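K.L.:
The lines below spell out each chain.
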Amino acid sequence: MSDAAPRLPDRFTEPTTGRRIDLLGYQAANRRNSWLLALVTMALLVAIAYLLAQVTDPGATLFFVGVALLIGAGQAVAGFWFSDRIALAAAGARPATVEEHRYLVNVSEAVAIGAGVPMPKVYVIDSPAPNAFATGRDPEHAAIAVTTGLIELLDRQELEGVVAHEMAHIRNYDVRFMSMLVATLGALLVLRDLFLRWGYFGGGGRRRGGRDSNGKGQGIALVVLLVLLVVSPIVAALVRFAVSRQREYLADAAAAWITRNPEGLARALEKLRAYSGPRLEVSEAVRSMFFVNPELNLNATGMLATHPPIEERIRRLRRM
Amino acid sequence: MGSLIVLIILVVLALYAVSVYNRIVAYEKRYQNAWSQIDVQLKRRADLVPNLVETVKGYAAHEQQVFEEVARSRQAMMNAHSVNESAEAANMMSAALGRLFAIAENYPQLRANENFMMLQEELSGVENKIAYARQFYNDAVMQYNTLIETVPAVFLAGPMGKQPAVFLQIPEGDRNVPQVSFGDTPPPQA
Numbered sequence: 001m002s003d004a005a006p007r008l009p010d011r012f013t014e015p016t017t018g019r020r021i022d023l024l025g026y027q028a029a030n031r032r033n034s035w036l037l038a039l040v041t042m043a044l045l046v047a048i049a050y051l052l053a054q055v056t057d058p059g060a061t062l063f064f065v066g067v068a069l070l071i072g073a074g075q076a077v078a079g080f081w082f083s084d085r086i087a088l089a090a091a092g093a094r095p096a097t098v099e100e101h102r103y104l105v106n107v108s109e110a111v112a113i114g115a116g117v118p119m120p121k122v123y124v125i126d127s128p129a130p131n132a133f134a135t136g137r138d139p140e141h142a143a144i145a146v147t148t149g150l151i152e153l154l155d156r157q158e159l160e161g162v163v164a165h166e167m168a169h170i171r172n173y174d175v176r177f178m179s180m181l182v183a184t185l186g187a188l189l190v191l192r193d194l195f196l197r198w199g200y201f202g203g204g205g206r207r208r209g210g211r212d213s214n215g216k217g218q219g220i221a222l223v224v225l226l227v228l229l230v231v232s233p234i235v236a237a238l239v240r241f242a243v244s245r246q247r248e249y250l251a252d253a254a255a256a257w258i259t260r261n262p263e264g265l266a267r268a269l270e271k272l273r274a275y276s277g278p279r280l281e282v283s284e285a286v287r288s289m290f291f292v293n294p295e296l297n298l299n300a301t302g303m304l305a306t307h308p309p310i311e312e313r314i315r316r317l318r319r320m
Numbered sequence: 321m322g323s324l325i326v327l328i329i330l331v332v333l334a335l336y337a338v339s340v341y342n343r344i345v346a347y348e349k350r351y352q353n354a355w356s357q358i359d360v361q362l363k364r365r366a367d368l369v370p371n372l373v374e375t376v377k378g379y380a381a382h383e384q385q386v387f388e389e390v391a392r393s394r395q396a397m398m399n400a401h402s403v404n405e406s407a408e409a410a411n412m413m414s415a416a417l418g419r420l421f422a423i424a425e426n427y428p429q430l431r432a433n434e435n436f437m438m439l440q441e442e443l444s445g446v447e448n449k450i451a452y453a454r455q456f457y458n459d460a461v462m463q464y465n466t467l468i469e470t471v472p473a474v475f476l477a478g479p480m481g482k483q484p485a486v487f488l489q490i491p492e493g494d495r496n497v498p499q500v501s502f503g504d505t506p507p508p509q510a
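These protein sequences, in sequence, are chains P and S. Quick note on numbering: the first sequence equals residues 1 to 320 in this note's numbering. Quick note on numbering: the second sequence equals residues 321 to 510 in this note's numbering.
The shape of chain P in the complex, shown without the other chains (with noise of 0.2 Å):
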C-alpha cells in the first residue's frame, strides 16, 4: 500500500511567487537534516562535556563526554520514536471519537483521501482558543490535534483548509524535523541548567582545589564553554523560527492545492485573525507546531516569529 499510495504531484509552482517546488527533493532535504541536525547536535554536546570536564575535573573527561552522548541520545530517540506523544500530552491533547467528533473525524478521513496520505489520528484539545497542530515522525505515524475552539469557530470548507495545512506538514516530514530540532534545543537547555545549578552548588568548592597550573587553560575553556551553552540555545530556536516560518507558507500552498479552495483556507485565517478570547496555554517549545501562534501575536515579524505574519498568509491565498 505505502509503495503504490498515490500522491500529489512531485513538483508544481508555487502560484504567488512562481517559484518551482520539488516536494520529493524537499521532503529528501527534511529528511536528510533531520540526521544532520542530530549530528551537529551529539558533536555540540561532546565539545561542551569536554570543555565542562576541563574547567571542573579533567580526570573525569570520559564521565562527562559518556553523560553528554547519554543526554543526547536520549533526546534524539525521544524526538524520533516519542516526539508524538510528548507533543500531543504538552498540549493536553485526547483522542477524538467518531461519536464525539463525528464531524471533525469525517472531515479528515475527506482531507487524507485527498490528499493520499493514511488517516492519521485525530485529537482534541479542549480549549476556546482556535488553533491546530500536527506531530509524528512519519504519514504512517502521524497525529493531528484540534482545539474545540477551532471546530466551533469554522465551517466544513475552512476546517478543510486547516485540516489539509496540517496534513501538508505531515507528508513533507516537516513535523520530524521540527521535533528533532525541539529535541536539540531541549538536550542542551538540560545541559546548560545542569551546569548553572552544578556552579552554584558543587562546583565552587573543587575549583578552589584545582591545580593552578592549568589556571590560564581552564579560563578559556571557561569562557568558551559559557558562551556555547548562552549562544547555542539561541541559535537553536532562531533556526527553528525561521525554518517554521518558510514552512508555513508552502504548507498553506499544499493546503490549497489538496482542497482545491484556497478560500476555505483565508477564511479560517481571517476568523482566527477577529478570535479575541482566552489563549491556548501551551509550554515555549511546541509553540511553533501550531496552525498559527497560541500567543496570538499574529502579525509579529522579524526573527523571533514562530510564523509569517497572518496578514501576508491571506494575501498569498486570495491571490492563488
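Each computed DSS-like pair below joins lysine-lysine, with the alpha-carbon atoms no more than 27 Å apart: (1) 377/S x 363/S; (2) 363/S x 349/S; (3) 121/P x 349/S; (4) 121/P x 363/S; (5) 271/P x 121/P; (6) 482/S x 349/S.
Hints listed in this document are in silico derivations from the structure and should not be mistaken for laboratory results. Every value quoted in this text rests on a predicted model; they were computed, and no experiment measured them.
Please build the complex by placing chain S on the supplied structure of chain P, with the hints as guidance.
P.N.:
What follows is chain S alone, placed relative to chain P:
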C-alpha cells in the same frame, strides 16, 4: 574490449527499462487503488440509506415519491458494474438524497431527531469523501496518462498494451469550490 563496452551499455539499458516498467505498473496500481477508494465510499453511502429512509418515514411517511427515487438510485448502485454505470448511479443517488434532505427541512421535529442529525452529518461526510476520492482518482489518472504518453515510458507502454485511463466526469456543483491553477499541473475537471 569493444564488445565489453557494448555489453555494459546493453545491461545499463536493460536495467533502465526495468525501472521504467516498474514505474508504469506502480502508477497503474495507484490509480486503480484510487478507484477502489471511491467504491468504498459509495458502498458506505448505500449502506446508510435504508437507515435514513426509515428515520425520515417516521416523520414524513407520505413523501412516497422521494423514497422511491432514493430506492431506485440505490438499486442502480447495486447493479452497476462499469466505471460509467457506477458514476451515473452515484450521481443519481446524490440528487435523490439532496431532494430528501430538502424535504426534511419542512419537518422541524425530524430535523431535531438525534438519529437524523447523526445520519445527516455522516452522509455529508461520505458525500465529501466521495468528492475527494474522485478528485484524487483524477489526479492519479492524470499522472498515469502523462507518464505513459511521454518519453521514455511511451516506448514501453505501447508493447505492454497500456492505454490511457479515463477521467471521471465530476458533476457540476458537486463541490462548490473555485478552480485553482497550479501552473503546469491543472486539476482535471474537478
